[in-house]
Amino acid sequence: MAKKTFKEALNSGKFVVTTEIGPTKGTNIEEMLHHIDILKDKVDAINVTDNQSSVMRICSLAVCKLIKEKGGEPILQMTCRDRNRMALESDLLGANILGINNVLCLTGDYISVGDHIDAKPVFDIESVQLVQTVRLMEQGKDLGGNALNGPLKFCCGAIVTPEADPIEPQLMKFEKKIKAGAEFIQTQAIYDIDNFKKFMQYARKFPDVKIMAGIVLLTGAGMAKYMNANVPGIFVPQSLIDELAAAPKGGGLKAGIAIAGRMVKQLKDEKICDGVHIMAIGREGVVPDILAAAGL
Amino acid sequence: MIVAEKKPFAQIKQMVQDRKKIMIMGCGTCVAVCMAGGEKEVELLASQMRLSNKLAGKNVEIIEATVTRQCDREYMESVLDKARECDAVISMACGVGIQLLSDLIEEIPVYPGVNTRFIGTNESEGVWLERCMMCGDCILGETGGICPIAICAKGLVNGPCGGTNKGKCEVSSEKDCAWTLIYRRLEKQGKLDNIRAIFPPKKHGLHVNPIRQTNEAYLHAEMEEAHHG
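Protein chains in written order, with the working numbering: chain A, 1 to 296; chain B, 1 to 229.
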């Protein structure tokens, strides 16, 4: 049986699971191809990050195409940091003709957090406007007001940071993304499920959008503390830090996999949201272990 | 106002290293207020250069002058003759003043004594903050008098990114999150509806540099001149 498209999976009512591949910085892609091979049949779709954390890598579009060729279902991540509206529009068209039908619209981290600090930050448009652009091009028009010779068609999503502080302006933007036409939302990492439940109570006011909770694999207490101190919008509760710290030496990763698996299971069993997006940043190989721990 | 910073002395020294008679020209407006290129800074740079040349055993004449506004032709006339007697001029004005001076004394090379950085406000003593990117399509009426183009590192017009951090920015904890400021101010004004609608992409077509602007009253005269001239 042919694999379901991501859109079909989203609309099937099942608990949707996606993960991500961070493209290689260079042309030695054996390891990345291996990760694609072990993940493509275990998840509903694989996001491909776009110069994530403002670090230059293989472009998302090329890796999406490789996933497609291997029979996987890619989600093209597009940030507005490195391309103006023309370049974004032409990449959307290019992706569509290559059979890439899912896109995640992001603004993108600022240039200075990455490895090309003197590059020109573009931000000609931003995430909300990029979602609008996808929908506009589906109507057969571009941002210049010109007609397209053949419209595009995407399953189009965006992101939200449920732990953002302050939260009100973040939620206002979330509503704009839905108004612009986002079908699905993948969240920034969440660790406090009670907090997340509160967010979901609010998000359920928008029944047409599917919400996938972001699960970022923790590999030790040090990483958890680092993220609390340095990554805006991420909050790891002390109980999880203690659990990781209690792991035997060298057992941090195993404890992190158990935590991630447990969270996925709870989100699914209690029907808290519509799915999960698992980010194993640099440890893509253990995503199947997280799924196994979740009973998926 | 335009905010500039002094160039490092070593860089200035190198630019004019073979010159025998140098004018240092300050500007009495923006760069004087931000303590980068006014009369005092001219005096300081002149002393540094005299001392440095003396130590190096060089005989270089340094002339000081500061005009009210280096970006305005009418204030420049009085110093041009003196400038033309020199073999280099260091302008301590913003990039605009430096260019006008160079236009006026074409044969004499003009070197920048400052780096021109932004237009902004004086926040507290000795502190300036960028406030306007001169986009030519002002939305301050909607955003509570706080510019997201200038204050948000990404220039976002539809709300904060996920990097918003307890009222600060992901780029630096020294920078405020523009959208936290905007949201809080509009909340106080009871005007949050201002920002619920989606703002369209900025019209960058409005800013094709260099922009030339002619006052309405002068448009006719300019056209006449073009016609007859």
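Since the hints were derived computationally from the structure, they do not count as laboratory data.
Just so you know, even glycine gets a beta-carbon here, dropped at the ideal spot from N, CA and C.
Don't take each hint at face value.
[Said to hold, decoys possible] Sample of chain A residues with no beta-carbon within 10 Å of chain B, all distances over it, derived:
(1) Gly13
(2) Phe15
(3) Ile125
(4) Pro232
[Unchecked claim] Under the rule of at most 35 Å between Cα atoms (straight-line distance), these lysine-lysine pairs were calculated in the DSBU-like manner:
(5) A:Lys210 to B:Lys58
(6) A:Lys197 to B:Lys191
(7) A:Lys198 to B:Lys203
(8) A:Lys197 to B:Lys175
(9) A:Lys25 to A:Lys205
Going through the hints against the structure:
| no. | hint | in the structure |
| --- | --- | --- |
| 1 | Gly13 | holds (28 Å) |
| 2 | Phe15 | holds (24 Å) |
| 3 | Ile125 | violated (5 Å) |
| 4 | Pro232 | violated (4 Å) |
| 5 | A:Lys210 to B:Lys58 | violated (75 Å) |
| 6 | A:Lys197 to B:Lys191 | holds (29 Å) |
| 7 | A:Lys198 to B:Lys203 | violated (39 Å) |
| 8 | A:Lys197 to B:Lys175 | holds (31 Å) |
| 9 | A:Lys25 to A:Lys205 | violated (41 Å) |
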